[in-house]
Amino acid sequence: MPAPGCDIRFGCVGWKNDGPRPFPPTALGEPAAQEGPAETVEVPYEKWLARGEGDSWPESRDLCVRLGRRFARPAAGMGEARAYAADVAECHRLAGAAAGRASPAAYLLEFPPAFAYSLETRRHLDRVLKDLSGLPLAVAFFDASWYSSRVIEGLKARGVCLCLMDAPRRLFSPPSIDVVTAPLVYVKFYGRAGATFSEEAEARDVEENNTLGPSGDYEYDDAELMAWLPRLEVLAAQAETLRVIFAARRGEAGAKNARRLAGMWRERSLRSPKDEATRSGSLRAGS
Amino acid sequence: MGGTILHVNAVGLMAAIEENLDRGLRARPFVVAREGAVRAVVIDLSPEAHREGVRRGMLLSLALRRVPGLVVKQPRPELYRAADETMWRVGMSFSPLVERAGRGHLFIDLAGTSRINGPPEDATQKIRVRIMDETGITPSFALASSKTVSKVATRVFRPGGFVALLPHEEGSLVRLQPVELLPGVGPVLRDRLSLLDIEDIGGLADLGGFEARAIGPRGPDLVARARGIDDSPVNPEPPERRCLRDAIVLEPDTAEAETLRLQLARLSATLGFAARRENLGVRKVAVSLDYSDGRSASFSLRLARLLTRDDEIAAAAWTAAQRTMGRRVRVRRLVVELSEFGAAGPELDLFEPVVSKSARLQSALDKVHGKYGFPALTPCAFLSAGLALSSAPGGGG
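Quick mapping for you: the protein sequence lines, in order, are chains A and B.
Residue numbering for the first sequence follows my numbering, starting at 124 and increasing by one per position.
Residue numbering for the second sequence follows my numbering, starting at 133 and increasing by one per position.
Among these hints, one or two may not hold up.
Now the stretches of chain A that chain B is said to cover, found in silico as 3 or more residues with beta-carbon under 8 Å [as the list claims (entries may be wrong)]:
no., region
1, 232-238
2, 261-271
3, 350-361
4, 376-390
Take a look, some chain B residues computed to stay more than 12 Å from chain A by CB distance [unchecked claim]:
no., residue
5, Val199
6, Arg262
7, Arg290
8, Leu321
9, Ile333
10, Ser488
11, Tyr504
12, Ala517
If you are wondering where the hints come from, they were derived from the structure by calculation, not from laboratory data.
Using N, Cα and C, we set each Cβ at its ideal position, and we do this for glycine too.
With these hints in hand, go ahead and build the complete structure from the sequences.
Written out as structure tokens, the structure reads:
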């Protein structure tokens, strides 16, 4: 039976480094005005931190924060360790109601493909999860070695969401899975184009504060998006919060994809009103 | 192109149904047990109760002591049966090849259904939504190229998970998992493997032939499964019709090896004939012995290839019997069981297939048996031992 009131929202990566444009982003991932605002947006942690006091972000806007690379790798040296500790403290401060703004619905931590399962990386993950405990955290692994029963059970025990990904499927890349490990479910679409990870691309991503995905700006076709509807339906039945984010590098493909999938979801819910309760979140968010 | 074998695993079916009927139970520790019964045990439990240390089969009184405030629901078998039936019915509407593998477990072979249901991944999602709509529960689903791999995968991504594995992903995913997730590895074997420092399925898969046999009689089979080698088909036959079985009571009881071997050959001949009449070969031969002192022993031999001839089946039965007979006590009763059948067509060959002498003999014998009845021809070895062939069993138990 669908979980009544699962809060489901569709959005895209929400920043583009196109100059001194202040927060909040407008060009990036922001659908055209006549089509209404995106239901949610994923912003990089650095931009979220760097926002000016004068920047206004409507309280009603839903927000997901993508944590920086300091979280994704063990600190090398005292300086990095201090910066990491400061970031952890800031995350907790942001999440508190005292921040005066709506707290982020999710924090996403993406680990690059080089972050394969080993004693060292496992310890680092354990430390990060302990440091960020209490936050609605999702972790994304691009190396298949993390997709084991031990890791999944560990995430369940800590109440941390395993980010579900739609990405190109190659050797050593993760399989296509759905699994709910926490009340939060985070689904991220990276596209299915042939782009791969590389140090260069990663550096550019960080520089541009864009997503750390294997590809971006991929326009999904209808069949690819529709195949996700039943999967989202089952996930919504098991989750309290569901965020669906499309990666984007430069173009508008992410926003377009998000709008189309949100539209399909609403249409599906109108066709089968018995599941109204599940989709009420999306209907509210989209209205 | 991914696999077509779908495993549906409704882990904790009873608890899931109870939670579905009473939403107040969500995120609370509860168990299904016959409260009030003498020495009541936990029949099923919620994930929260599992996290608190409650386990299936645990005494209810102990579970209640361990988790104060534990909710106890009375079992309602008719509801669980109905949900299981619904799952099977939904599966049958997508493919005729649906195997019931215990309550809440189904194997569905989606090969060849793409024109009706779409690609197997899409068909899986349709099945998933229909089961959720009709029963309210969210089982785990895994799509792979073999039953073993799909079963391991549903044990990883649960509850309510889904995974569709491409052929190149199967090996690496299975290797990573704890060894106890491999079907056939129970607590005893897990402990034994742990002593050998084998914690993951990958460690088991890396064992050589000698090491595999050292684990135990089922070692080679387990190692093959750990490597993802499993060609067992999805069998839509109900469990009671999945085997051919015949037994003989020895008069008088005997421990003489030659007599036992001949009796096994005789049972193998009758069962083999029954299998061949349906154009079936056999992959599994099991032998059970009842000793004169009332104790029993059994052993089953799973074979790498399909056996069709009597001499092959008899040899396999004798091997199984030798592994069973660990005591110097006379045997009272012998049982032979053939299962895991497959179509017994001729093996394809690049050139003209060579029909062996023994295969031709078997074919001739079957023709005579078919025309004049089974007892019409009896091997000399049986006659000299005072045995005669009885009529072939018609199948079933």
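Can we confirm that no CB of chain A comes within 12 Å of the CB of B/Tyr504?
The claim stands: B/Tyr504 keeps its Cβ more than 12 Å from every Cβ of chain A (closest is about 58 Å).
Given as non-interface: B/Ser488, partner chain A, CB spacing beyond 12 Å
Holds, since 43 Å exceeds 12 Å.
Verdict on B/Val199 as a residue remote from chain A, using beta-carbon distances over 12 Å
For B/Val199, whose nearest Cβ neighbour in chain A is about 17 Å away, the distance exceeds 12 Å, so it holds.
Any Cβ of chain A at or closer than 12 Å to B/Ala517, or is the non-interface label fine?
holds, 54 Å
Go check the region 376-390 of chain A versus chain B for me, would you? Three or more residues, Cβ under 8 Å, otherwise it fails.
violated (count 0)
Interface exclusion of B/Arg290 relative to chain A, criterion Cβ beyond 12 Å:
Nearest chain A Cβ is 8 Å from B/Arg290, so the label is violated.
Taking the closest pair, is the beta carbon of B/Leu321 still more than 12 Å from chain A?
holds, 17 Å
With 12 Å as the threshold, tell me whether B/Arg262 passes as away from chain A on beta-carbon distances.
violated, 9 Å
Check, residue by residue, whether the region 261-271 of chain A contains three or more positions whose beta-carbon lies closer than 8 Å to a beta-carbon of chain B, and give the verdict.
With 4 residues close enough to chain B, the hint holds.
Whether B/Ile333 stays farther than 12 Å from all C-beta atoms of chain A, as the label says
violated, 10 Å
Residue count check for the region 232-238 of chain A against chain B: does it reach three with CB-CB under 8 Å?
Violated, because only 0 residues of the region 232-238 of chain A bring their Cβ atoms closer than 8 Å to Cβ atoms of chain B.
Please count how many residues of the region 350-361 of chain A have a CB within 8 Å of a CB from chain B and say whether that reaches 3.
holds (count 7)
The structure does not agree with the numbered hints 1, 4, 6, 7, 9 stated previously, though it agrees with the rest.
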